[in-house]
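Student: Can you build the whole structure from these sequences, using the hints too?
There are 2 protein chains.
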Amino acid sequence: MSVTYKRVALIGLGLIASSMFWGMKRGGLAGEVTGYARSAATRDTARKIGLCDRVCDSAVEAVEGADLVILCVPVGAMGAVASEIAGALAPGATVTDVGSVKRNVIEVVGPHLPDNVHFIPAHPLAGTEHSGPESGFAELFDNRWCLIVPVEGSDPDAVAKLRGFWEGLGSNVEEMDADHHDLVLAVTSHAPHLIAYTMVGVADDLGRVTDGEVIKYSAAGFRDFTRIAASDPTMWRDVFLSNKDATLEILGRFTEELFALQRAIRTGDGDHLFEYFTRTRAIRRGIIEAGQDTAAPNFGRATTSNE
Amino acid sequence: MSVTYKRVALIGLGLIASSMFWGMKRGGLAGEVTGYARSAATRDTARKIGLCDRVCDSAVEAVEGADLVILCVPVGAMGAVASEIAGALAPGATVTDVGSVKRNVIEVVGPHLPDNVHFIPAHPLAGTEHSGPESGFAELFDNRWCLIVPVEGSDPDAVAKLRGFWEGLGSNVEEMDADHHDLVLAVTSHAPHLIAYTMVGVADDLGRVTDGEVIKYSAAGFRDFTRIAASDPTMWRDVFLSNKDATLEILGRFTEELFALQRAIRTGDGDHLFEYFTRTRAIRRGIIEAGQDTAAPNFGRATTSNE
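So the protein sequences, as listed, match chains A and B. Under the working numbering, think of the first position of the first sequence as 4, with each following residue one higher. Under the working numbering, think of the first position of the second sequence as 4, with each following residue one higher.
Each hint can be trusted.
Put simply, identical chains are the same to the list, so a pair is met inside one copy or across any two.
For lysine-lysine, the following DSS-like pairs were computed, each having C-alpha atoms within a straight-line distance of at most 27 Å: (1) Lys164 x Lys219; (2) Lys247 x Lys219; (3) Lys9 x Lys164; (4) Lys28 x Lys9; (5) Lys51 x Lys9; (6) Lys28 x Lys51; (7) Lys164 x Lys28.
Just so you know, the hints here were simulated from the structure itself, not pulled from any lab data.
Tutor: Structure follows, in C-alpha cells:
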C-alpha cells in the first residue's frame with residue numbers, strides 16, 4: 004500500500020535528509036535515492052556510511068530523472084539551490100522541501116521552478132540537537148507531525164502522493180497555509196529556540212558564576228534549555244532571518260509577559276505568580292496526553308547516566 | 004561506613020522528602036524516620052504508602068527526640084515551621100532544610116532556633132516535574148549535587164556528618180556560601196524556570212494559535228520548556244519572592260541579551276546570530292561531559308512513546 008517514487012533526490016545531506024533516507028529504506032518508499040551535499044567532506048561521509056544509493060557531485064546530476072526532489076538545505080540556501088536545479092528537473096516531478104519556514108521558501112524557490120513541475124512545500128516537525136549526515140535514523144519521524152503547505156494551484160494528486168510518502172515515513176500529516184504555519188512555528192519552535200539560546204548565552208557570559216558552576220549545577224533546570232540551544236547554528240540563523248515578523252511578534256508578547264512577572268516578583272505579588280504557574284501546568288498535561296512527550300520524570304533520562 | 008542518624012524527622016512530605024525517605028531506607032542511613040505534613044490528606048497518603056516509619060499529627064511530635072530535623076516545606080513556610088518546632092528540638096540536634104534559596108531561609112529560620120542545636124542549611128539540586136508524597140523515589144539524588152551552606156559558627160563535625168548523609172543518599176556534595184548559592188541558582192534554575200513559565204503562558208494566551216495546535220506541534224522545541232513549567236506553583240512562587248534580587252539581576256541580563264538578538268533579527272545581522280548560536284553549543288557539550296545530562300537524542304525520549 005505504500006507510496007513509491009521511482010527516484011528521489013535529496014539535496015543537502017544533514018540530519019533530516021539522512022533520516023529520510025533510512026526511513027525510505029525501512030518503508031520501501033523509493034526506487035533509487037540520489038543525494039548531493041555542497042561539501043565534499045559530507046559527500047565522502049555519505050558514501051562511507053552508505054547514505055543514498057548514489058551520491059552525486061552536483062545537484063543537477065542528483066535531480067536528473069527524479070520524480071521527487073527534496074530540498075534539505077538551510078532556508079537561506081533554498082533560493083540558490085532552486086535556481087541551480089531548475090533547468091534539470093524532469094517534467095511532472097514533485098519538488099518539496101523540509102524548511103522550518105514556509106512563506107519565505109515559497110517566495111525564494113517558487114519563481115525559479117518551471118511550470119511543468121509540482122512545487123509542494125512541507126515541514127516535518129522533528130529533529131534532535133545533533134546535526135550532520137551521521138546523525139540520522141529511520142525512526143525520527145515516527146508519530147511526529149509533518150505539515151504540508153500546498154501553494155496556489157497545487158495538483159491534488161501530487162499533494163496526496165506526497166502525503167502518503169510522509170505517512171510512510173511514520174508521520175502524521177496535516178495541511179496548513181504558509182502564514183499560519185509560520186506563526187504556529189514561531190510559537191512552538193522559533194521563539195523557544197531563541198529564548199533558549201539567549202539564556203545559555205547569558206549563563207556563559209556571567210563573570211561572577213563560572214562556566215564550570217553552570218555546567219555542574221545545570222540539572223536544576225538550566226540543562227533543559229541547552230538541548231535546543233545546541234541545534235545547528237546555520238539552520239537557526241536562517242530560520243530567524245526568514246521568519247522575522249512572526250518571531251518578533253511572539254518575542255514581543257514574551258517580553259511583555261516576562262516584564263509583568265518580573266514586576267510581580269519585585270512587588271511581592273505572590274497571587275499573580277501562583278495563578279500563572281498553575282495555568283502553565285495544564286499545557287504540560289495536554290502535551291503528554293497528546294503523545295508528544297513522555298510523562299516519565301526528567302523525560303525518562305537515566306538518573307545516573309552520562310552516556 | 005554510612006552515616007546513621009538515630010531519628011530523622013521530615014517536616015513536609017512532598018517529592019523531596021519522600022525521595023529522601025526511600026533513599027534513607029536504601030542506604031540504611033537512619034534508625035526511625037518520622038514525618039509530618041500540614042495537610043491531613045497528605046498524612047493519610049503517607050500512611051497508606053508506607054512513607055515514614057511513623058507519621059505524626061504535629062510537627063512538634065515529629066521532631067521530639069530527633070537528632071536530624073529536615074525542613075522540606077516551601078521556602079515561604081520555613082519561618083513559621085521553625086518557630087513552631089523550636090521549643091521541641093532535642094539539644095545537639097542538627098536542623099537542616101532542602102530549600103532552593105539559602106540567604107532568605109537563614110534569615111527566617113535562624114533566629115527561631117535555640118543555641119544548642121546545629122543549623123546547617125542545604126539544597127539538593129534534584130527534582131522532577133512531579134510533586135507530592137507519591138512522586139518520590141530512592142534514586143532521585145544519585146549523581147546529583149547537594150550544596151551545603153554552613154552558617155557562621157557551624158560545628159565542623161555536624162557539617163561533616165550531614166555531608167556523609169547526603170553522600171549516602173547518592174549525592175555529590177559541595178559547600179558554598181549563601182549569597183553565591185543564590186546567584187548560581189538564579190542562573191541555573193530560577194531564571195530558567197521563570198522564562199519557561201513565561202513562554203508557556205504566552206503560547207497558552209495567543210488568540211491566533213489554539214492550545215490544541217501548541218500541544219500538537221510542541222515537539223518542535225516548545226515541549227522542552229513545558230517540563231519545568233509544570234513544577235509545583237507554590238514552591239516556585241516562594242522561590243522567586245525569596246530570591247528576588249538575584250533573580251531580577253539575571254532576568255535583567257537576559258532581557259538585555261534578548262533585545263540584542265531581536266535587533267540582530269530585525270536588522271538581518273546573520274553573523275551576530277551565527278556566532279551566538281555557535282558559542283551556546285559548547286555549554287551543552289560541557290554538561291554532557293560532566294555527566295549532568297544524556298547525549299541521546301531528545302534526552303533519550305522514546306520516539307513513539309506516549310506513556
